[in-house]
Amino acid sequence: MYNEYQITYTAQNTYEHWVDKAYWQFMVIPWEDNSQKNVQVAFENSMHFPMEFSHNGYGFRTLRCHSVDPFKEITFKAKFSFLKMEDNPFSFVPNASISWEYEQLAQLTHKVDFDQFLKRTNLTHLPSPAASLFTFDGEQSIFDNLLALNGWIFDQIYYTPGATDVHTTLKEVLDMRKGVCQDFTHLFCAIAKDHGVPARYVSGYLNQDGGFFGDTQMHAWAEAHIPGVGWKGFDPTNNILANANHVKVCHGKDYTDCAPLKGILFGQGENTTTHSVSVHSQQ
Amino acid sequence: MENIESQIFSSYQRNPQLLDELHEKDGSIKKVYQTLFELYGQHSIQDYVNLNNKAKASFFNQGITFQVYGDNTVQEKIFPFDLFPRIIDPQEWEVIEKGSLQRSRALNLFLWDIYHDKRILKEGIVPLDLISTSANYLDQMVGVDPPGGIYNHISGTDVIKHTDGQYYVLEDNIRCPSGVSYVICNRTALKRALFGVFNHYKTFTVTDYAENLLELLESTKPKGVDVPTCVVITPGMFNSAFYEHSYLAKTMGVELVEGRDLFVENDFVYMKTIKGPERVDVIYRRVDDLFLDPLEFKADSSLGVPGLFSAYKKGNVTLANAPGTGVADDKAVYTYMPEIIKYYLKEEPILNNVHTYHCSRPKELEYVLENIRTLVIKPVDEAGGYGISIGNKLTDEQVDAVRKEVRQNPRKYVAQPIMSLSVHPTYIDETQSFEQRHVDLRTFTVLGRDKQFVLKGGLTRVALKKGNLIVNSSQGGGSKDTWVLKI
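Protein sequence lines correspond, in order, to chains A and B.
Taken in order, the first sequence gives residues 1 to 283; the numbers are from the numbering used here.
Taken in order, the second sequence gives residues 1001 to 1487; the numbers are from the numbering used here.
Since the hints were derived computationally from the structure, they do not count as laboratory data.
Beta carbons: idealized from backbone N, C-alpha and C, even for Gly.
Fair warning: there could be bad hints in the mix.
[What the hints assert, rightly or not] One-sided excerpt, in silico: chain A residues whose CB lies under 7 angstroms from chain B:
1. Lys21
2. Tyr23
3. Lys37
4. Met47
5. Glu52
6. Thr109
7. Asn122
8. Lys232
[What the hints assert, rightly or not] Straight-line C-alpha distance at most 25 angstroms; calculated SDA-like pairs for lysine to any residue:
9. B:Lys1223 with A:Gly59
10. B:Lys1404 with B:Glu1366
11. B:Lys1298 with A:Leu108
12. B:Lys1314 with A:Asp33
13. B:Lys1031 with B:Asp1020
14. A:Lys21 with B:Thr1273
15. B:Lys1412 with A:Phe60
16. B:Lys1272 with A:Lys171
17. A:Lys171 with B:Ala1135
18. B:Lys1465 with B:Leu1485
19. B:Lys1272 with A:Leu265
20. A:Lys119 with B:Ala1299
21. B:Lys1223 with B:Lys1331
22. B:Lys1331 with A:Lys171
23. B:Lys1331 with B:Arg1411
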């Protein structure tokens, strides 16, 4: 069963002074796979600067734009429509043996294959060992432990828009016990990785019709890899599994790999960007 | 003859503990040097002073300089040049050339592997930690097939001759190794100053470097390109190696560009010219990885080209050397070079690695603690020479302190035998005479699609301070013309 989705993404940029030259790269196009298909993209900007499609270093689709004339403000607007599969994230066949799962994590080939999503980054660096925060129960499956971790983070951190920014470290988040979706996600990834479970940051959109946290910008959640099962999505901000309301754009080690907008300006002065996102589905 | 010798070599003092490249063990002049020794001996000290000044002026007039950054000033300096050339005889050169090439090929295969199947890591031959903690490993390069299968198009291999008469590699430089322009300019300067000496020796030319470099770079052109357009990209005129960038562009006959001269459209790279955009296919880049593309790496880099990396990933442009190559010239990877060579090439290493003891291994730790006086102790994670202890220069208290520190943090340290670089007679301004100075050699190897080239010569660097083992130009090093003789 597929639902039809429409997403509108708007980024409004205003600059203190005239800007001579600028480049922008957007990573906001829904990822295409079996669960998200027939992605249609319409993109425009208020200055009518030329735009083109490309891919970033990890193979995710990007939209690029560069200025032709000097400007002081510019608005980008993207419309996406696609089909999203209605599936139940709990409907997978669990591994028969729990100890087998942990044995896999300990294998060198597993560590090599998943190194990218096991190594620490600045944003997924824990101030103290994960065990002092959250311990895995070896009697339980990896999936059940991750589910418990999801709930633990949801209880520990209070969703507080504006409390943090994209450079906030986990030490600060744990001290404040406040954050937004990327902080919840970084914490989830850090603890999972410290227990040997590959985890990655996912950037995307959340359909808020269900009354979830996720603000009106883009959303973030985590994917963790379970041997024999594959990648599963966890949304610690809402203490749920990623489901049909989660529209994936890209994944990476942390926010840095997934920034929705990168801009390079040749000019002076301050600039402000306001993003807005609206997600609608028709069942 | 005695009389002539007394002119400039009379005061030359030989320390018997050092390996002097001019002399045999019994004190006689080596056969390859005899003619040269006689020719130089015909000059008076004053002749030599004049020639030396002439050579210096030649460098300055050619603009072959580098910048030394002071507190508030930038000084334009020439790389001190010594008029007495170093000769490498054909048998020894064959070992150096084959060994340099072997290392470059092995490193190229190693890079392919760690960005594809990672077999060497899965088999535990090179520890995963080494790669996963390396700041130079680029995740973006995983699965990328560089055009022609080449990562390290240009390698600079630093080789020394130890007192045992054997050659050892100290370092493999495969990011943007520099120095090749000095090799060529040293030859030119020596020919201008002392043309006659070349009549007595059959020396391989070094001026064919640029044409070989261009040919091999072009051989790694992207698919579907017939006649590639090649450029050299430089960080700009304030870079300390700018002279070399412009020299190589000029001698290859290609454009020298900065980031702002290029742009990317639909994942192809173009150069802005007065005739309109021209497609660029091969870029010899002298800009570091993280500055190549502000959209992919450091966003505040104004040296790069926005979108360049995506053009590279699509296979539409060649970057030489490939991004992410630096992971293989880490200090820690160096210690695994013998294993890397055997693993990929099924060959024994031709050039020696300086043996490295890993203190993390209990047996090796024991050896290190017992033989500390004969070893150099290095922290694995520090760069720039920090935290290094040289065993024979330590006081008893220091030895105890180092022992304690190593025992407490064995994983943090490696140890190597103290290497003694060979010495070569070098003219010293202050004493107006020849003295022994330590030398090393950087060779230049170029890999192309099914082709390769090693420059017959290389950069001999001289540590001009007496007793100093550090030959870097920033540390007051100089250089010599280096002759590889035809048989």
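Now the hints, each set against the structure:
1. Lys21: Violated, because the Cβ-Cβ distance from A:Lys21 to chain B comes to roughly 9 angstroms (cut-off 7 angstroms).
2. Tyr23: holds, 4 angstroms
3. Lys37: Status violated, d = 24 angstroms.
4. Met47: violated, 17 angstroms
5. Glu52: holds, 6 angstroms
6. Thr109: At 5 angstroms from the nearest chain B Cβ, A:Thr109 passes the 7 angstroms test, so the hint holds.
7. Asn122: violated, 11 angstroms
8. Lys232: violated, 22 angstroms
9. B:Lys1223 with A:Gly59: Judged against 25 angstroms, a Cα distance of about 20 angstroms means the pair holds.
10. B:Lys1404 with B:Glu1366: Given that 25 angstroms is the threshold and the Cα spacing comes to 12 angstroms, the pair holds.
11. B:Lys1298 with A:Leu108: violated, 32 angstroms
12. B:Lys1314 with A:Asp33: Holds - the C-alpha atoms of A:Asp33 and B:Lys1314 are around 21 angstroms apart, at most 25 angstroms.
13. B:Lys1031 with B:Asp1020: The given pair, whose Cα atoms are some 14 angstroms apart, holds under the 25 angstroms limit.
14. A:Lys21 with B:Thr1273: holds, 19 angstroms
15. B:Lys1412 with A:Phe60: Measuring from Cα to Cα gives roughly 38 angstroms; hence the hint is violated.
16. B:Lys1272 with A:Lys171: violated, 47 angstroms
17. A:Lys171 with B:Ala1135: Cα-Cα ~22 angstroms, so holds.
18. B:Lys1465 with B:Leu1485: violated, 29 angstroms
19. B:Lys1272 with A:Leu265: Within the cut-off at roughly 20 angstroms; holds.
20. A:Lys119 with B:Ala1299: holds, 23 angstroms
21. B:Lys1223 with B:Lys1331: Not OK: B:Lys1223 and B:Lys1331 at ~35 angstroms, beyond 25 angstroms, violated.
22. B:Lys1331 with A:Lys171: violated, 31 angstroms
23. B:Lys1331 with B:Arg1411: Measuring from Cα to Cα gives roughly 15 angstroms; hence the hint holds.
In this structure, the earlier hints numbered 1, 3, 4, 7, 8, 11, 15, 16, 18, 21 and 22 are contradicted, and the remaining ones agree with it.
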